[in-house]
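Student: Spelled out, the chains give:
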Amino acid sequence: MKPDTPTPGTTDLDEGTLVARARDGDVRAFEALVVRYQGAMYRLGLRMLGRSGEAEDVVQEVFLTAWRRLGTLRADAAFVTWLYRMTTNRCLNVLRARRPTVELDVDGPVSQRPDTQPERATEISGELAALTAALHELTPAQRACWLLREAHGRSYEEIAQILGTTNQAVRGRIARARAQLAEAMQPWR
Amino acid sequence: MEVNPTDYQLPCGRDIEELWDQLSADPDHTDAHQRDCPHCRTARDSLLALRAATTRLTEEQVIPPAGLTDRIMSAVRAEIRRTAAVTVPAELGPVRISEQAIAVVLRFAADQVDGVRARRCVVRARPDAPPGVIDVELSIALRYGTGPAERVLTAVREAVAAAAGNGVGVRVAGCDLRVEDIY
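Chains as they are written, first to last, in our numbering: chain A, 1 to 189; chain B, 190 to 372.
To be clear, the hints were calculated from the coordinates, so they are not data collected in a lab.
Glycine included, C-beta positions come from ideal geometry on N, C-alpha and C.
There may be inaccurate statements among the hints.
[Said to hold, decoys possible] To give an idea of the chain B side of the interface with chain A (calculated C-beta under 7 angstroms), a few residues:
hint, residue
1, Ile205
2, Ala238
3, Arg308
4, Tyr372
[Stated by the list, open to error] Beyond 12 angstroms from chain A on every Cβ pair, some chain B residues (computed):
hint, residue
5, Asp217
6, His222
7, Pro278
8, Ala307
9, Arg346
10, Val361
[To be verified] Coverage of chain B stretches by chain A, computed from C-beta distances (three or more under 8 angstroms per stretch; other residues unrestricted):
hint, region
11, 252–259
12, 330–344
Go ahead and model the full structure; you've got the sequences and the hints to work with.
Tutor: What follows is the structure, encoded as C-alpha cells:
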C-alpha cells in the first residue's frame with residue numbers, strides 16, 4: 001500500500017484529525033485540507049493582489065510551505081489561522097517587491113493587464129467594480145485587515161495574530177479603511 | 190477605541206465608526222440629529238452603499254484556477270520524505286517496508302473500529318529485536334458516547350495487531366494509544 005492510498009471519507013473528517021494525519025505524512029489528509037481551504041486563500045490573494053496569476057503562485061507556495069512546516073505547528077494552534085497568516089504575509093511581500101516597478105506601469109491602468117481580464121469580466125456590477133478599485137487605493141496592510149474582517153469573517157484578535165500586531169492597530173486600520181471605502185462608494189449611494 | 194477620533198469624525202462632530210456600529214445593529218434606526226444633518230445622511234448612505242457592495246464581494250463566486258489542487262499536490266508528493274524502513278522476514282528473503290507505509294495500514298485498521306478516528310501513527314522497528322518486530326504509537330479521537338473507553342481501546346489494539354500481522358507481516362510488540370480528542 002502506498003502512503004497516499006485514499007482512505008475512505010477523508011473529506012468528511014474534522015480538521016483536527018486531518019491536521020494530525022497530515023503532520024504524520026498522510027498525503028490524502030493534506031489534500032483534503034488543500035481542497036477545503038484553497039478557495040479562501042485564493043480569494044484573499046486575488047483581492048490583495050488583483051492578479052490571478054500572482055494569487056495562484058501565492059496559494060501554491062503557501063500550501064507547499066505548510067506541508068514542509070506542519071511539524072512545527074503547535075498541536076493546539078488553528079491550522080486555518082496559520083494559513084491566513086502565511087497567505088497574508090506572502091501577499092504583502094509580493095506587493096513590497098512590486099512597488100519599485102509602479103512607475104513602469106503608467107502605460108495603462110492595472111485593470112488592463114491581460115492576467116486580470118478574467119476577473120474583470122465577471123465583475124458585472126459597477127458597485128462591485130467601484131469597491132474593488134477603492135480597495136486598491138488602501139495601503140496593503142489596511143486592505144489585508146479589512147478583507148480578513150469583512151470578506152473572511154475573522155475576529156479582530158485573529159487578524160492581530162495573522163498580522164503580528166495588536167488588536168488596537170487592527171481596529172484602527174479597519175476604521176480607516178472603512179471611512180475611505182465609504183467615501184469612495186458615495187457615487188453609488 | 191483608541192484611534193485618533195478626528196480621522197473618522199464628520200464635520201458635525203459625529204463619528205463614522207459609531208454610525209457604522211449603529212447601522213450594523215439596526216439599519217433602520219436614526220435619531221433626530223441624523224435625520225436632519227446632511228453630513229450624517231451622506232455618511233449613512235455611503236456606509237449603506239459600502240455594505241451592499243461588500244455583500245456582493247463576499248457573494249461573488251471566485252473559483253480557483255482549474256488544476257490548482259493537482260499542482261499543489263504534485264509539488265507536495267515530490268517532497269515526500271523517504272522514511273526509515275522495517276525489515277520483514279518473508280519466504281523468498283527479507284522485504285523492507287517503509288514505516289510510513291505500515292502506519293497507513295495501521296491507521297486504516299484503527300479507523301475500522303466503531304467510534305474511532307486514527308490521528309498520528311508512528312511506527313518504529315524495535316531496536317535489538319529480531320526483524321519484523323515493531324513498536325507503535327497511535328493517537329486517536331473517540332466519538333462521544335461510543336461506550337467504555339477501555340473496551341474501545343482494546344478493540345483498537347486488536348485491530349492494529351491483526352492488521353500488522355495479516356496485512357504487513359510484522360508483529361506489534363508495544364502499542365501506545367493516546368486519546369487526543371473526543372468528537
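Student: Is alanine 307 of chain B truly not at the interface, in the sense that its beta carbon sits beyond 12 angstroms from all beta carbons of chain A?
Tutor: At about 8 angstroms from chain A, alanine 307 of chain B fails to clear the 12 angstroms cut-off, so the statement is violated.
Student: Min Cβ distance, arginine 308 of chain B to chain A: is it shorter than 7 angstroms?
Tutor: holds, 4 angstroms
Student: Does the nearest C-beta of chain A fall within a distance shorter than 7 angstroms of the C-beta of isoleucine 205 of chain B?
Tutor: holds, 5 angstroms
Student: Taking 8 angstroms as the C-beta cutoff, is the stated coverage of the region 330–344 of chain B by chain A satisfied by three or more residues?
Tutor: violated (count 1)
Student: With a Cβ-Cβ cutoff of 8 angstroms, does the region 252–259 of chain B contain at least three residues near chain A?
Tutor: holds (count 5)
Student: Would the non-interface assignment of valine 361 of chain B survive a Cβ cutoff of 12 angstroms against chain A?
Tutor: Holds, because the least Cβ-Cβ distance between valine 361 of chain B and chain A comes to about 17 angstroms, which exceeds 12 angstroms.
Student: Test the statement that histidine 222 of chain B is away from the interface with chain A: the closest C-beta pair must be farther apart than 12 angstroms.
Tutor: holds, 19 angstroms
Student: Would you assess whether proline 278 of chain B, listed as outside the interface, keeps its beta-carbon beyond 12 angstroms of every beta-carbon in chain A?
Tutor: holds, 19 angstroms
Student: Please verify that the nearest CB of chain A lies beyond 12 angstroms from aspartate 217 of chain B's CB.
Tutor: With a cut-off of 12 angstroms, aspartate 217 of chain B remains clear of chain A, as the shortest Cβ separation is near 16 angstroms.
Student: So is arginine 346 of chain B really clear of chain A, every C-beta pair being over 12 angstroms apart?
Tutor: Non-interface label on arginine 346 of chain B holds, nearest chain A Cβ at 19 angstroms vs cutoff 12 angstroms.
Student: Regarding the hint that alanine 238 of chain B lies at the interface with chain A, is the smallest CB-CB distance below 7 angstroms?
Tutor: holds, 4 angstroms
Student: Close enough to count: is the Cβ of tyrosine 372 of chain B nearer than 7 angstroms to one in chain A?
Tutor: holds, 6 angstroms
This entry does not satisfy hints 8, 12, going by the numbered hints stated previously.
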